[in-house]
Each structure stands twice: as structure tokens, then as C-alpha cells.
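Turn these sequences into a full structure, and let the hints guide you.
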Amino acid sequence: MPFNQNKQIISRIITLFSFYKRKLALILLCLVVFTAASIAYPLLNKMLIDDGVLKQDFTTVCIIVAMMLGTIILSSLAEMLKEFLRADIASGIHQKLVKDAFDSFLRVDIAYFTKKNSAEMLNDLTTDIGNLNKICDNSVFFVVTQLLTFCGGIVGLFVIDQRLAMLVFLFIPVKYLCVHYFSNRQKKQFNVLLNFITSFGHWFGDSLNGIKDIRLFGIQNKMQDEAAKQVFSVANAQRKVTILQSMNLCSEVFFIHSLEAILLLTGAYFILDNSLTMGSLFAFISYSIQVLDPISAVLNIKFLLSGIIPSAERYFLLLDHSSEHCEQGGSESVPEFCELAFKNVSFAYGDKYVLKDANLTVGQGEKIAIIGQNGAGKSTVFSLIERFFKPNQGIITLNGKDISEYDLQKYRASFSAIGQDSFLFNRSVLDNLCMSVSYSENNLIERIKECGLQELQMASSVGENGKQLSGGQRQKILLARALLRNTSWYLFDEATSNMDTESENRLLDLLHTTLKEKTVLMIVHNMSLLQHFESIIHITGDGTIRQYASYKEVVQCEPTFFETAS
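Just so you know, we're using this note's numbering here: the sequence shown kicks off at 1 and counts up by one.
In short, the hints are calculated from the structure, not lab data. One or more of the hints may lead you astray.
To be verified - In silico DSBU-like links for lysine-lysine, alpha-carbon gap of 35 Å or less:
| hint | residue 1 | residue 2 |
| --- | --- | --- |
| 1 | K401 | K115 |
| 2 | K23 | K175 |
| 3 | K134 | K23 |
| 4 | K467 | K449 |
| 5 | K96 | K134 |
| 6 | K99 | K175 |
| 7 | K240 | K188 |
| 8 | K229 | K116 |
| 9 | K240 | K229 |
Note that the structure is a prediction, hence the values are computed from the model and not measured.
See the structure below:
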């Protein structure tokens with residue numbers, strides 16, 4: 001990844017902390033206290049050995065031990081307060097990451113959800129947020145402590161013995177090269193792991209959605225083999241990341257112990273010629289670790305970022321995509337329905353045009369059936385009206401004004417819709433009926449009777465997308481939900497699918513009773529229902545729309561269509 005792009009991502013990560021400036025200031029104060037204690041401890045240890053133990057002064061030993069104990073207590077309290085504040089920040093940032101992602105899903109254009117299934121999106125989001133939240137790990141804040149102790153450690157080294165200090169400095173570039181090497185390798189391997197996790201999430205979600213067909217076609221063994229390959233790929237990539245982390249840790253331990261051995265050997269020589277005291281040697285070793293550890297800590301931030309940045313890039317890409325491709329709305333208020341019209345509307349999926357210079361008109365109170373072969377573009381017409389898609393050319397108007405000029409939420413609140421993929425939430429029947437609609441109890445009871453839902457318990461759960469219901473019950477709930485909104489116009493995409501004859505007749509009766517004064521557009525596959533509609537629109541499949549004033553007219557003009565449909 002280019003340096004500038006890395007820099008931009010890191011900058012966006014840092015902005016996540018902008019809301020927590022006061023808490024960060026308190027954390028910094030705690031780190032300063034902790035650092036001061038860390039720097040003071042080796043000096044106290046030196047005094048304990050040289051001025052207390054070696055001189056056999058028990059009073060001095062007691063005083064210094066008490067001071068060391070006080071230093072430990074103070075640093076422990078600072079550490080506890082820091083952890084409390086850090087956990088609070090981590091929780092807040094995690095909540096913000098989840099909220100911002102969900103807000104993005106609510107805004108992004110509907111086409112985004114055709115590229116990934118829900119399991120894949122959840123898997124990616126969980127992985128990315130989990131990795132991003134590592135910026136609140138203790139290791140990140142520990143770097144600040146290490147940098148402060150680094151400065152104090154250097155002073156301590158040169159104060160105690162310049163010769164040993166130069167020896168320590170010879171180790172610094174060697175350790176830098178080692179940690180730098182493992183950091184680069186982990187970044188590459190973590191990208192590989194992230195790709196495998198994404199691939200597995202897509203495969204797993206796809207497999208769960210098709211579990212019924214997997215059983216019907218008897219391909220369980222094949223899917224088990226695929227699962228084994230997918231899991232092995234993820235596990236193997238994770239194993240390599242873990243190995244790199246272990247090798248990095250082992251190299252650090254090796255360097256520290258090697259330095260200690262050399263310092264002990266050299267220090268012992270200096271002690272024997274009386275140019276260094278025993279306490280000074282042990283204090284020096286402590287300070288040398290305080291100088292070398294920050295190198296690991298700072299470079300390990302790069303090691304940590306190598307795992308965070310790929311997830312951060314994908315997460316911020318989602319936020320940016322929702323900003324660039326979000327649903328746009330105007331600010332105009334929405335009037336009562338008088339007329340809806342397509343004016344030379346063209347729309348294409350990629351290079352394939354579904355509509356070309358199409359025109360249609362829907363008047364107030366009309367009941368219009370929409371017919372056409374599968375894939376002709378019937379549902380696309382509804383998606384255009386609902387403003388999930390935008391025309392490539394031409395405009396769609398409501399009461400003579402381009403629908404894009406109306407406030408989006410108010411516009412969608414002006415109609416009710418049932419789609420082929422209308423969703424039922426895993427909640428009670430009543431919750432799914434009412435959604436955010438204000439209703440009276442009498443109105444609710446009336447809608448329940450009209451749609452034949454008396455046999456259902458209102459408090460019972462419908463399951464995920466209505467899986468605990470029959471297809472007919474599901475359609476009845478969707479119909480009742482639409483009627484409860486009591487809007488001036490309705491869009492029904494195959495509202496009679498999965499309905500028995502009695503329920504179908506009940507819906508047709510509603511067209512002449514409850515919906516008598518309303519405008520209704522209904523996609524119809526059962527040609528026998530067309531006699532109940534005043535006007536019929538035929539989506540031909542070649543990009544054109546033909547509108548007929550009656551059932552009789554469409555039969556006369558489109559005899560081949562009815563022969564094919566039958």
C-alpha cells in the first residue's frame with residue numbers, strides 16, 4: 001500500500017480519539033507517573049545494594065524498601081486508573097464503529113447489497129471492527145510510557161557508566177532491523193489471512209442460504225470437502241501469522257538476554273577493577289532494558305498496524321462508498337397523489353437496457369395491473385418508482401414534478417409497497433404489522449380481519465424473515481402491514497403469490513372496498529385477475545411499455561402474450 005494512503009488511513013484512525021481528549025490527557029498523566037516510578041526504581045535498587053546491603057545499614061535498607069514499596073503502590077494506582085479510562089475509550093470507539101457502519105448500510109444505494117450476502121458482510125464487519133479496536137489495546141498506550149522511559153533510561157545509562165552505555169547503543173540498530181523484518185512479513189501475511197476470512201464468509205453464507213438444495217441434491221460430501229479446504233486455508237494463514245508473532249517475540253527475548261549476559265560479563269570486569277559498584281551494574285541493566293524495550297514497542301506499533309490497516313482500509317471504504325453512493329433526496333414536501341408518470345425513461349443494468357424511452361401514466365384512484373414475462377423489468381419499474389434506482393435518461397414525475405425533488409423519506413411515506421423480497425423481522429406478528437405506523441386498535445382489528453389473520457397469535461414470533469409461517473400467512477401479514485399505513489397509493493409486486501383462492505378473492509374484494517379510492521399498481525402473473533383492473537401496462541422485455549385502457553383491449557392487441565402465459 002502506498003505511503004500516502006497508509007498515512008491517510010492512520011490519520012482517520014487517530015480522529016476516532018478526538019472525542020476523548022480529556023480522558024487521553026488523564027491517561028497521559030497516569031503514564032507520566034508510571035514512567036517516573038519506573039525510572040526511580042533502578043536508582044532505589046542501586047541505593048539499596050550499595051548504601052544499605054553492602055554497608056550493612058539496616059535502617060537505610062528499611063527506608064529504601066519503604067520508598068520502593070511506595071513507588072510500586074503509586075505506579076499500580078496510576079496503572080489501574082489508566083486501564084479504567086482506556087477500557088472506557090475502547091468501549092466508546094467500538095460503539096461508534098458499529099453505529100457508523102450500520103448508518104452506512106442504511107444510506108448506501110440498494111445495489112450494494114446485491115454484491116455480498118448478509119453472512120459475508122457481517123463476517124467482514126466483525127473482523128474489521130475487531131481489528132480496528134486493537135488501537136485501544138494496552139500496547140498502544142504502552143508506547144507512550146516506553147518513549148518517556150527511553151529518555152530517562154538514556155540519561156541513567158550515561159550517568160552510571162558511559163562505556164557500558166556505548167555497548168548498549170551498539171545493540172539498537174540490530175534490534176531495529178530484526179523487528180522491522182518481522183513487521184513487514186506479518187503485514188503481507190495478514191493481508192492473505194484477511195482475504196481468506198472474507199472468502200470463507202462468502203462461502204459460508206452462500207452455503208447456509210442453499211442448505212435445503214444441498215440436501216435435496218445430495219451434495220453434503222462435496223460441501224464438506226469444500227468446507228475442509230476453506231477452513232484449512234484460514235487456519236493455515238492464521239498459523240503463519242502466529243508463527244511470525246512468536247518468532248518476533250523470541251528474537252526480542254534473545255536480544256535482551258544476550259545483552260544482559262554481555263553487560264554482566266563486562267560489568268563484572270569493571271567491578272573487579274573498582275570502576276563500577278554492584279548496585280550500579282544492576283541499575284544499569286534495568287536502564288538498558290528501558291532503552292531497548294521502547295525500540296520494540298515503537299516498531300511493534302508498526303507490527304500491530306500491519307494487522308489493523310488492511311481492516312481499516314476496508315472499513316473506511318464502506319463509509320466512503322455510502323457517502324459517494326448514498327440515496328439522494330430533495331427537500332420538497334410530498335402532495336396528495338394525483339398522477340404518476342414515466343417520461344421517456346431509460347434504465348440499464350450495465351449495458352443491458354430494461355427500459356428505453358418508456359412512457360406511462362397512472363391517474364388518481366386507478367387500479368392498474370402490470371404484466372410481462374419473467375425478467376422483462378416489472379420489478380425494475382417498481383424500484384424506479386420507489387427511488388432505489390435512478391433512470392439513466394428521462395424523468396419520473398409525481399403530480400408533474402420530478403420525484404427526485406421530493407424529500408426521500410416523506411416521499412416513501414406517501415405510498416405502501418409489497419415486494420417479492422419484502423422482509424419480515426424476527427419479532428412478533430404485531431411488531432411486523434405495525435412497524436413505525438401509528439394506529440388505533442379498531443383499525444388494527446379491521447385490517448387483521450380483512451387479511452384473514454385471525455388465526456395467528458399477535459405475540460408469537462414469525463422467525464427469521466417469516467420462516468415459522470406458511471407462504472400464505474407471510475403474504476397476509478405483508479398485505480395487512482401495507483394497509484395499516486393507509487397511504488394514498490400502493491405498489492403490490494405479486495401480492496397474491498402463495499395465497500389460496502379464498503385469500504386471493506379477499507384481496508380482490510379489497511380493491512373495491514378499502515382500496516376503492518386509492519391508487520393501486522399490482523404486478524400480476526395470473527392472467528385471470530386482469531379483469532379486476534381498469535388499466536393494464538405491458539412491460540414487453542424489449543425496453544418498451546404498452547399501456548391499455550381495459551382487459552378487453554389488451555387481449556385484442558396482445559393475443560400471443562396470453563397464449564405464452566397460459
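How the hints compare with the structure:
1. The suggested pairing of K401 with K115 holds, with an alpha-carbon distance near 33 Å, which does not exceed 35 Å.
2. The hinted pair formed by K23 and K175 meets the criterion: a straight-line CA distance of about 33 Å does not exceed 35 Å.
3. Of the supplied pair hints, the one linking K134 and K23 holds, its CA atoms being roughly 18 Å apart against a limit of 35 Å.
4. Restraint check: the Cα-Cα separation between K467 and K449 comes to about 22 Å, which is no more than 35 Å; the hinted pair holds.
5. Restraint check for K96 and K134: satisfied, since their Cα atoms lie roughly 14 Å apart, inside the 35 Å limit.
6. Restraint check for K99 and K175: not satisfied, since their Cα atoms lie roughly 41 Å apart, outside the 35 Å limit.
7. Note on K240 and K188: the hinted pairing holds, with a Cα-Cα distance of about 11 Å set against a maximum of 35 Å.
8. A distance of roughly 21 Å separates the Cα atoms of K229 and K116; the hinted pair therefore holds under the 35 Å criterion.
9. Proximity of K240 to K229 is assessed by CA-CA distance (about 16 Å); at most 35 Å being required, the pair is judged to hold.
Comparing the model with each earlier hint shows a violation of hint 6 alone; every other hint is respected.
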